[in-house]
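Single-letter residue listing:
2 protein chains.
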Amino acid sequence: MVVKGSSKLDAGHLPLKLESGRLLFIDQRLLPDVLEYFDATSFGDLCFAIKEMVVRGAPSIGVAAAFGYAMEANRRALDTNYSPEFSHDDVTRVISQSKLDSLVVDQKLLSDLARIKSELDATRPTAVNLRWATDRMHSFCAALIAKRVNARQFVEATLDEADRVFDEHLKTNLALSTHGVAVVPPHAEIITHCNAGPLAVCGWGTALGVIRLAKMHGLEPSVYADETRPRNQGSKLTVWELMQDEIPVKLVCDNMSGYLMSQKKIDLVIVGADRIAANGDTANKIGTYNLAIIAKHHGVPFYVAAPLSTFDRSISNGSEIPIEVRDQAEITTINGIPIAPSGAQALNPAFDITPSNLIAGIITEVGILRPPFEASIKEALAK
Amino acid sequence: MVVKGSSKLDAGHLPLKLESGRLLFIDQRLLPDVLEYFDATSFGDLCFAIKEMVVRGAPSIGVAAAFGYAMEANRRALDTNYSPEFSHDDVTRVISQSKLDSLVVDQKLLSDLARIKSELDATRPTAVNLRWATDRMHSFCAALIAKRVNARQFVEATLDEADRVFDEHLKTNLALSTHGVAVVPPHAEIITHCNAGPLAVCGWGTALGVIRLAKMHGLEPSVYADETRPRNQGSKLTVWELMQDEIPVKLVCDNMSGYLMSQKKIDLVIVGADRIAANGDTANKIGTYNLAIIAKHHGVPFYVAAPLSTFDRSISNGSEIPIEVRDQAEITTINGIPIAPSGAQALNPAFDITPSNLIAGIITEVGILRPPFEASIKEALAK
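Protein chains in written order, with my numbering: chain A, 229 to 611; chain B, 229 to 611.
Just chain A, with the same shape it has in the complex (with noise of 0.2 Å):
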């Protein structure tokens, strides 16, 4: 076996997961209704599933990324013609193991490698992820390549990061949840936003993460998510999961949290984040930013929860990260069902920005930052 799977890919409702070869992403566009794999195993099918959000959530995103990249660029680095959807497996079937051995991956595949991680970065432009994770495994194969190894050795080795991409995800979740829990009172009432959860976070989650971790320590929190309009992430995702690990949940619409806090029923709010400013400016899901007010003209705390990874210290402030405008249908239909009239236009801007003055803290997988954000993560970021 040239390519091998990962156990952590193997178990429960992981996000995704390589299965003789072949990358298989949950169709979160089907859930809840149904639990069906998606096949992206062709390069072109990875990227429509990135962007078309078969697989989303940051992190769940950069991870599907990097598996990604490392798949095709093991299929430049065979330097085939076969077709670009064979699977890993397929590469025992269809080379000759001395072949494998006695091809020398050249510095020529470099700009092929450029043009992945370039169609890869297309694909969502808000969340920092994803490029945090095109960067690594960049790096990592350009290393490869000035080493001059042998194509087994590329294959081996480029799957073998991912998959080490995949599990630091899974232990800064779970280290990211154990300092979180420090902020979640008992019997606390939270809200959330869209989902961050395991299909989000590679399996584990990282507000999700805090409140299963909340529950596991007795501290029976309840939770209002959010619909998280217009692709209802919320609905859709985040009170499956909350129901799958028997969280009591309620669904409410994103203009409920003022009513909500006005009738002090909220201890707390924890979202994750696309992309952090070294400033502590957040980019998340449309409706952060809204909620964020809210929470701040209640005096209820809001915090953010996401792995270092999703810091971008290239940029100074929020205002500098590119939000994502999608699809105009998203709002004007549901299920490709219109809801508006015929030839409505509609303004879809997919993320905004909560600036860090809105923020109580940041947990992440090295401790809570607090305010002044500027001092707290550039101190986290160095160590």
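There could be a bad hint or two in this list.
Heads up, the list lumps identical chains together, so a pair's fine if it works in one copy or across two of them.
[Claimed, not checked] Okay, derived cross-link-like pairs now, EDC-like style, lysine to aspartate or glutamate, Cα gap no bigger than 20 Å in a straight line:
1. Lys327 to Glu417
2. Lys375 to Asp349
3. Lys492 to Glu548
4. Lys375 to Asp473
5. Lys336 to Glu347
6. Lys493 to Glu548
7. Lys336 to Asp363
8. Lys245 to Asp273
9. Lys493 to Glu552
10. Lys492 to Glu552
11. Lys443 to Glu280
12. Lys443 to Asp495
13. Lys399 to Asp267
14. Lys336 to Glu417
Hints were generated in silico from the structure; no laboratory data involved.
For chain A, the structure is supplied; the task is to place chain B on it using the hints.
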């Protein structure tokens, strides 16, 4: 003809009309796909229509209740065994003219009328216009009974009174809009929430009435319409109405207001109201409170447009306004199709309270009321 139609009720896309003695409502649940009338002639169907939001919008509900009250009062007054579905034109066919003249409406009818009123009042608890309209019809009928009018006079007078309720609403909203135009700068970009246009407000509109008149005055306003989850009155009704008026409108999700305001796109917010307390605290469609907080945070003026009949002087502040909690299925399904996991719990408050300190002004038919609202409201109501 005992019962006359109102010419006001026969024009364009009015939310309701009397036709051949039948009370017909535009079925607002079916818009924008289908423009169809719902026959609310029977009292049971009328109550259903208000409860299930066939007719909606506080002023339109008030007018619907006035007509419904009149028609049911007439059926009781005639003390017939006819089916409660009979149209008013049936009266002329079934009851002899001489009987109509000789039958005196007696005191015993009052307890029937009290039942009609309490059934109507129970249909929707939050909007005050409904109760305002039933109070008015009830006092009016009690006075007729005290005068010992005959059946013909009673039937004619009750429908005339309902017609006056309608007529006054229309005039009031035109007056209100004339005052409101003063707060709309040229080329204003305006956010509105829910639907306070012709369908909701007897053929003209409060919040949309101001915007429509601004367009007539050449101010070229444009609108961002909140979709207004969970019933999507924004997507389905506001966008539809504004498109017909050729006022530029973009549909947005309720959670995008912070994004829009942070991009400096918004000049003001105008919404309608379901009930306003003596201190200016305003009950309106769920999400209004969120929008008001977001506007305050960005220094964007937030206006309420509502006729004086929306004020409830019996209530000193918003905490006393009852909030209707509606069926969870409004959130977990769309057009009958599930969008959440089977068994998911939801919380569905239909309204929220915007405290008066978030409101820049309340646009009424007697002018724009400004803080301190307790004084300005008192003065306006004394007029």
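Quiz prompt | Those earlier numbered hints the structure runs against, lowest number first | solution = The structure breaks hints 1, 2, 4, 11, 13 and 14; every other hint is satisfied.
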